[in-house]
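Between the sequences and the hints, there should be enough to build the whole structure, so can you do that?
Counting from 1, position 49 in the sequence shown corresponds to residue 82 in the working numbering; the numbering is continuous, with no gaps.
These aren't lab readings, by the way, just hints derived from the structure by calculation.
Nothing here was measured: the structure is a model prediction, and the numbers come from that model.
Keep in mind that the hints are not guaranteed to be accurate.
Said to hold, decoys possible - With a cut-off of at most 16 Å between alpha-carbon atoms, the simulated EDC-like pairs for lysine to aspartate or glutamate come out as follows:
hint	residue 1	residue 2
1	K167	E279
2	K240	D317
3	K240	E229
4	K240	E324
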Amino acid sequence: MTELLLDPTRIDHALECALAPSLEAIGTTHTCSAIQAAVATLDGQRYHRALGQTSFETDAVPVARHTPFDIASVTKALVGATLAMQAIDRGLARWETPLGELFAPWRKHPDPRAADVTFLHLLNHTSGLPAWHKYYLEYPLNPSAETARVTRQAIVTRICQTPLCGAPGAIYAYSDLGYILLASVLETVFDAPLAELAQTRIFDPLKLSQTRYVWPERGDAPLENAVATERCALRGRVVQGSVHDENTEIIGGVSCHAGVFSTADDLLRFGLHLLAIDQGHPVDAPLMSRETLRFAWSAQASMAGGNHRGGWDTPSGATSSAGAGFAPDATVGHLGFTGTSLWLERERGVVSILLTNRVYPTRENARIKATRVDVQEAVIPPTPIALTH
Numbered sequence: 034m035t036e037l038l039l040d041p042t043r044i045d046h047a048l049e050c051a052l053a054p055s056l057e058a059i060g061t062t063h064t065c066s067a068i069q070a071a072v073a074t075l076d077g078q079r080y081h082r083a084l085g086q087t088s089f090e091t092d093a094v095p096v097a098r099h100t101p102f103d104i105a106s107v108t109k110a111l112v113g114a115t116l117a118m119q120a121i122d123r124g125l126a127r128w129e130t131p132l133g134e135l136f137a138p139w140r141k142h143p144d145p146r147a148a149d150v151t152f153l154h155l156l157n158h159t160s161g162l163p164a165w166h167k168y169y170l171e172y173p174l175n176p177s178a179e180t181a182r183v184t185r186q187a188i189v190t191r192i193c194q195t196p197l198c199g200a201p202g203a204i205y206a207y208s209d210l211g212y213i214l215l216a217s218v219l220e221t222v223f224d225a226p227l228a229e230l231a232q233t234r235i236f237d238p239l240k241l242s243q244t245r246y247v248w249p250e251r252g253d254a255p256l257e258n259a260v261a262t263e264r265c266a267l268r269g270r271v272v273q274g275s276v277h278d279e280n281t282e283i284i285g286g287v288s289c290h291a292g293v294f295s296t297a298d299d300l301l302r303f304g305l306h307l308l309a310i311d312q313g314h315p316v317d318a319p320l321m322s323r324e325t326l327r328f329a330w331s332a333q334a335s336m337a338g339g340n341h342r343g344g345w346d347t348p349s350g351a352t353s354s355a356g357a358g359f360a361p362d363a364t365v366g367h368l369g370f371t372g373t374s375l376w377l378e379r380e381r382g383v384v385s386i387l388l389t390n391r392v393y394p395t396r397e398n399a400r401i402k403a404t405r406v407d408v409q410e411a412v413i414p415p416t417p418i419a420l421t422h
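In structure tokens form, the structure reads like this:
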């Protein structure tokens, strides 16, 4: 493993350049009102920083290391992929298990090709399901617990009838529909609600004390100290402390594609745990086996030219958001729509977490693309500054 020497000054500069001094600066010259970042290496180096304020509303407070952020699709890797690997390790599923064997409603799909969809197809976005659908325009926003349960059942039923875009394993589409379905599959496999599974099988074992779903069905209120995400015209309010993703909101705040609130410190702990398993280091109560984790991160877990594997993303595109310093063949991670990211560089044993609220006050803000690259390349420069002697 090649040694890397973290440069806190360089990372500080990248973060400070992204932090907006005013509401008007967001999306024009700066990226967000709130930032948390945490970086660590397996050889013991650590970096932590919290900057900005939860919003530019009148009730804003400074961001601290314990301030929760809506991590959006980073939920896919933290919860969806982890529970899927645990199901495999427990013998409840195999990568190649037909989805219909795990979830009976899928067997009613009208397309005969649906019988060929496997557990892995769902995880690596090659099931043939389309990418997205605006269910939130058809069902109540701000639902009661009962309304959310009914809506969720209706949507899952609809997904199990949704026409496939192509043959399973032969077409790649980054599909939130697939991960909404995955949540119901995992609940069936483990015979427990997803929020409870995540809490008891991931968050509690790793002592992720600031990580949780906001689940109104169990009586959860919006998190008062969370970072704001959007001034949402559709909902008529500033979204703060409840899930930003509308499809997740209408089904009760809990899904595999979004819904978790966390901190950079907690996600750093998660990333280091997985890297230690991957590198064969001694780990107390590992979340999954090394064999299962390594397959999920392998090229063999990717299909149809997609850049997703067993629930995890990999660097892609001419300018990857992981930065040019993170080795493409040795890097896995995930992005979140709200302006969040988690990247693990296996070759050097580095975990890099960046949490922002780039969707505040509006999601029409693309500056996060450059910010992600700037921060990642401050962590691992394209031309390494300090290598093993």
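Now for the hints, and whether the structure bears them out:
no., hint, in the structure
1, K167 to E279, "8 Å, holds"
2, K240 to D317, "12 Å, holds"
3, K240 to E229, "15 Å, holds"
4, K240 to E324, "24 Å, violated"
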